[in-house]
Structures are given as C-alpha cells and as structure tokens.
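Enquirer: The residues making up each chain are set out below.
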Amino acid sequence: MAEIKLSNLTKRWGDFVGVDNQSLHINDREFLVLLGPSGCGKTTTMRMIAGLEDPTSGEIWIGDRMVNDDLPKDRDVAMVFQNYGLYPHMTIFDNIAYPLRVRGTPKADIKPRVEKAAEQVELTEFLHRKPKALSGGQRQRVALARAIVRTPKVFLMDEPLSNLDAKLRVTMRAELKHLSRALQITTVYVTHDQIEAMTLADRVAVMKNGIIQQLGTPDEIYNDPANLFVAGFIGSPAMNLINGSISGGMFVTTGGTRLVPVKALDRAKAVLGVRADDMDVHEEGQGDIDVKIYAFENTGESTLLTVQWGAQRVIARGDRHLRKDQDDVVGISLNQDHLYLFDPETENRIRM
Amino acid sequence: MRDNTLKYLLVLPAVIVVFATAIWPLIEAARLSFTVGRLNRPGSLERYLGWENYVWAILEEPAFWNSVWVTTIYTLLTVGLTTVFALGLAMLLAPGGRLRSAAQTLLILPFAMSPALIGVSFRFMFNPEFGLFDAFFGVMIPPLADVSWLADPKLAFAVVVMADVWGWIPFLTLVLIGGLASVPRDTVEAAQVDGASGWRVFKDVTLPQLAPVLAVVVILKSIFSLKTFDQVFMLTNGGPGTATQTLSHYIYFNGMKYGQIGYSASVAWLMVIPMIFLTYAYAKFVFRKADQ
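Chains A and B supply the protein sequences, listed in that same order. Each residue of the first sequence is one higher than the one before, starting from 917 at the first, in our numbering. Each residue of the second sequence is one higher than the one before, starting from 17 at the first, in our numbering.
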C-alpha cells in the first residue's frame, strides 16, 4: 500500500511529446482513473509508473521511494494488460502462480494462494486449462487473479475491459469495483471509456495531448468541467455546446436569439454548454424557444431529441413516454442552474 | 475450361520442374546404386549388382563411417553454435533490442556470399604464412603464431565449422528476429512486472513461445549442415587426410574422382534416410504452425 507521486514527468520520442511535464499525487488506497482519447498520454503515464517506459525527465515516487531507476520487477506493482498478457504455454494455475514463483514464495504457500485468487474471480474450475481454451472474459479474470495473487503496493490496469463485449464489460466493471473496494490497494486505471471512469474512480484525471486537463472526483468532472475539452468528452450524449455572445446579462446565440440570462460580463464570443438532461422538453410555445425536431430517438429508458437550433443541432433528453416525430415543433427550456460558459479562444470555463 | 482442370494445369509446370530436377535424378541414382556403375568400365552402368554397394559401404569401408562421423559431429556443432549465436544476435537486433539500424544490413553480408567463396576466403585467412588469422593471433597470442591451422586435423575441423557458422548466422538470425517479433510484447512485459529477471523472462516466457520457430531453425540448419559440400571442398578438400570429409564430399570423391558412380549413388541414398526424417519433421512443424 502506497501513494504515488509523479513530479514534472515528461516523456518525449524525438519531437513527439507523449506526456508533458505533469505532476500528479495519487493517494494511498485511491482508485485513480486516467481518462482520455487515444494518444493522450494516459497509457504512457501508466507504463512509466510500471517501469516499462523510461521518463525523459521528472520523478516517480511509489511510497517513499524514488523508483525512476528501478526495474519493473523491483517496483512491487501488478499490472493488468489490455490484451491480458497471459503466458499461452502455461496453464491457468501456472499463470496465476508465476508472480509468486519468480519472487521465491515457498512452494507450500503457492497452491493455497493461487486457489484463493482463482476463487475470488470465480476461475477455480479452469485452473488446469490453457489460456487458449478460455473465453475473453475468463482470460480477463486470469489476468486479474495474477495481479491479486500477491499484495502489491500498486495495481496498474491498462484498458482491462476494452477487449470484452458490451454486456460482459458491464458485469466485469461491477466485479472490478467490488474487488477494488475489498482489496483497498492504490490503483491506477487507464481507459478511454468515460462510463468506466465515472463508475470506478475515486478521482479522474482527464488527459489530452499529454496534459492533465482536469483532476477531480467523477462528480466534479461531470458537473463542474474545467474547460471545453472536458465538457465535450464527459457525458453521453456529449454536452451541447452552443456558439453565441453575452450581451446585457443574456446569452445570445449566433442566430440572434436571446436565450437565457447568465451572470457574466458582456463579451463578443462565448460558448454555452448545457447537458441534454438539463433541457426540458415542452409542447410548442411553452419553453424558452421553439425548435423543430431533426431526429427523434427512443432508447427505451429515455428519448433523445436532436433539434435544429439555428445553424446548430442540439440534443435534448425527453421523458421515456414522450412520443414525437421528425419535423414536429417542440418547446425547449434550459435548466438555469446547470449552464456552463466557455471562452472559445482559450477553451477555458468562464465562471459565472 | 473447368476450374478444376485449370487448377492442375497451372501447377503442372512446377511439378515437371521438380520431377526433372529432383525426382528423376533420385530414381536414376537409386537404379545406379544397384549396379557396378564404374565410369571407366563400359556397360557397367547397366550391370546389376544387388545390395552389394550398400553392404560394402556399411560393412567394409572405414572411410564411409569416417565421413558419417565427421558429418555427425559437424552437424551437431554447426547447428548448435549457429542457433545459439543467431538467437543472441536476434535478441539484440529485434525491434526494441539493443542494436538495430545499420547493424541489421551489415549482418546479411556473410549470407550473400556463396559457400565456395566463404571457403576460399577462409582458406586465405588461415594461411600459415600470410593469412589474417596468423597475423592476428601471432601478435595477440604469441604461442599461436605460425600454427598451420589447416594442416592439423582438429584445427582444420574447427576452421570448417567456424566458416560454416559464420556464413549461416545471418540467415538464421533474420528468421529468429521474425520469430521474436511474433512473441506478444504483453507477455514479456507482464513477466517483467510480475517480478521476473531478464534471464527468467527469456527462459520462462520468450523461449517457450519461440520454440516452434526455433525448431524450424534447428531442423533447417541440420538439413543444410548434412549437405555441406562447397566450403569443405574449397577450404580443406576433406583433409588433412579425411579429417574433414563430410558425406557429401565422400560421395563426390568416390563418384567423380574415382569414377565409382554406383557406389557413391548408394552412399547418397543412405544419406537420404536422415534427410527424409528431417524434412518430414520440418514439414510437420511448418504446417502445424500454419494450422493454428
């Protein structure tokens, strides 16, 4: 058990900057998710913690030890790989036992510990098989068991669920969460899936172009995004971003509609962010603005209305019993407690 | 034309070539091996002799067994040494290895040389008077000055082995680089994180996954080693005495120099036996891999 400190960590390959001078403090027993699109530096950051990649500059601390010069085997971390990294020539038992064997665990201890780990991930009946004979979800469990069979200082998980089908991913996500609560070990988890980040994390670090855009609890990054990137990246459907200006305490769309009052100084260019859930759908004439439906989608649990809003399209979420059709006109009102203003030039949030 | 007929027609030229250059000579050699088959005796190529040539080789001819022994030791040594060196080099040159870039291009050079050329150049390098090795060893290790490398049976054998290993390392290295590239990086990294040292990662994870390719390398090199002729012919011509006389060289000598075509054909057929085993093993390995 240990905290992880990254200070001024940088990774460059020639001119390409993978991770750009980032500092991050991960608390003991914390579940931290590194979230971002591919190529944002999240996996590189994790691989540097594991020791599989050498930082160009900066320091990595695990507990009270600077591990920059330690080999992966000396860092006392366990890692789950995206493609599982199982040893194809070994049985499941041997796969799980491998970290114990190479660390010189007494033979008598190995069997009970492997069996316990296998039991935790419900693999007991497959111990004599080879990885080839298992399904994707089962292989994933083997990778997990191999990580939990000893008690490392840190768990590192590199997109562990991304190779599973959608249904299995949901089940495994819950199992991971349960397991991580039970084990109470500092975990760094890399994903590009915001649902995984939201559901698993104590804190999320949203990354882009090698820079952490925002570090906060899932609540904070969802409800209090620091900039346009985080606002657009988190949430499904993505936050609606409406171009316009602020004049006399009102947000005016580029089409000239005086939309909603905002507490901000006048400015020529601004972006209004509003989530689909923070828009209410009414009958024609009863909302803040009347709009024509471009597409009506019924997902079962709710309805999604893509509406034509001047030159832009905006998505609003409606009640699951709402029934409308393309080209119908509906009234939309915005929940004024949950509006976000951004500066389109700096992409930063304009605090109200 | 039906697709089925066309299929066989397209394969036909290759079949004809293989038949004309491999199958027919094999059959003809088999026929000759049962004849008196002496080039200097008219009509003897047709005179049937039964198994006598084979019996003679196996029971009466120490030179045959000498060349079997030479070939065996030679094959074991060259296969072992070439594989080990090639594996080491492949590890260094593989993507992510410690040496790469220009070294890989340079490496192919020995393989581009013909075996006969290798033989000639090694013969010059080991020349006791003006050879490169003589000059080198003479300066570095004085006791080794003026050693007649190719005149001493053991040393000559070592030189032949060395020339062969040197010539074959590049090709096998390239094959093994390919093999290493197919070992998933995840598994190697998983082992590193699991706590394995560099040696244990190699032994527990890399090597077992490389085994099929390694097997192909060993079998292929065994076939090549068993057939070795050119280097021996150019470097030592089988000598001193018969210290470096491989089976191929023995067959050539008896057939071409002494004119005993029938006898040498029977020895050649004796040599086909291990070849068939190796070829079968090779085919099995290669096609088993393709099945997976």
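One or more hints might be untrue.
[Unchecked claim] Label-pair restraints from in silico Cβ distances:
id, chain 1, residue 1, chain 2, residue 2, range
1, A, L1099, B, A128, 18 to 28 Å
2, B, V33, A, N1079, 42 to 52 Å
3, B, V33, A, T1007, 41 to 51 Å
4, B, L125, A, S954, 37 to 47 Å
5, B, S213, A, T1007, 15 to 25 Å
6, A, S973, B, F146, 51 to 61 Å
Source of the hints: derived by calculation from the structure; they are not laboratory data. We treat Cβ as the ideally placed atom computed from N, Cα and C, and that holds for glycine.
Enquirer: Against each hint, give a clear statement of whether it holds in the structure.
Expert: Hints and how they fare:
Checking the proposed 18 to 28 Å range against L1099 of chain A and A128 of chain B shows it is violated: the Cβ atoms sit about 58 Å from each other. For the pair V33 of chain B and N1079 of chain A, the beta carbons lie near 47 Å from each other, so the given range of 42 to 52 Å is met. Separation of V33 of chain B from T1007 of chain A is about 48 Å and conforms to the stated range, judged on CB atoms against 41 to 51 Å. Between L125 of chain B and S954 of chain A the CB atoms are about 41 Å apart, so this pair conforms to the stated range of 37 to 47 Å.
Restraint check, S213 of chain B to T1007 of chain A: a C-beta distance of roughly 22 Å satisfies the suggested window 15 to 25 Å. For S973 of chain A and F146 of chain B, the Cβ-Cβ distance of about 56 Å falls inside the hinted range of 51 to 61 Å, so the restraint holds.
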